[in-house]
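A.B. asks: Sequence:
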Amino acid sequence: MTNSTRLIRASQFVLTSFVLLGNIGHARPYDAPDDQPTARTGQNLTGAECQQHLQALEQRLQQAGYRAVSTRVAQDGTLIARWYNAELKMTAVAFMGQKAKGNTFSTSEYAGLIPWSDLLGNQ
0 MTNSTRLIRA SQFVLTSFVL LGNIGHARPY DAPDDQPTAR TGQNLTGAEC QQHLQALEQR
60 LQQAGYRAVS TRVAQDGTLI ARWYNAELKM TAVAFMGQKA KGNTFSTSEY AGLIPWSDLL
120 GNQ
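Numbered continuously in numbering that gives the first Met the number 0, the sequence shown closes out at residue 122.
Keep in mind that the hints were calculated from the coordinates and are not lab data.
There's no promise every hint is true.
[Unchecked claim] In silico EDC-like pairs for lysine to aspartate or glutamate, Cα to Cα no more than 16 Å straight-line:
1) Lys100 - Glu48
2) Lys88 - Asp75
3) Lys98 - Glu57
4) Lys98 - Asp75
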């Protein structure tokens, strides 16, 4: 094998590795597998993007047997939405900012029915 052939193969390997590894960083962090309806997160989102994520999450949770309990706004302006699955005895909670931009959207799932006092602290 000549030096130029080795160089071409090495370059192809490096380029392929770069393309494959480079695409890992482009995965959308709030896309979740179907078996984890609450595994949705996102950062630096607009208010409209947060609303879209909340609506999509609501649909997935309903399909998984969850029912909306209620929604509240914390003192810092964070919207907190809560769902409960009576069959599984699980609570799903979404936290989202409501600013025009720079919001975080996150979700969690807990065993049992989580009271508002635990989610809001001493507010």
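A.B. asks: With the threshold set at 16 Å, check whether the alpha-carbon distance from Lys88 to Asp75 stays at or below it.
C.D. replies: violated (29 Å)
A.B. asks: Given the proposed pairing of Lys98 with Asp75, does the C-alpha separation stay at or below 16 Å?
C.D. replies: Satisfied, since the Cα-Cα distance of roughly 11 Å is no more than 16 Å.
A.B. asks: Check the hint pairing Lys98 with Glu57 against an upper bound of 16 Å on the C-alpha distance.
C.D. replies: violated (20 Å)
A.B. asks: For Lys100 and Glu48, compute the direct alpha-carbon distance and say whether it is at most 16 Å.
C.D. replies: Judged against 16 Å, a Cα distance of about 9 Å means the pair holds.
Against the hints set out earlier in the document, violations occur for numbers 2 and 3.
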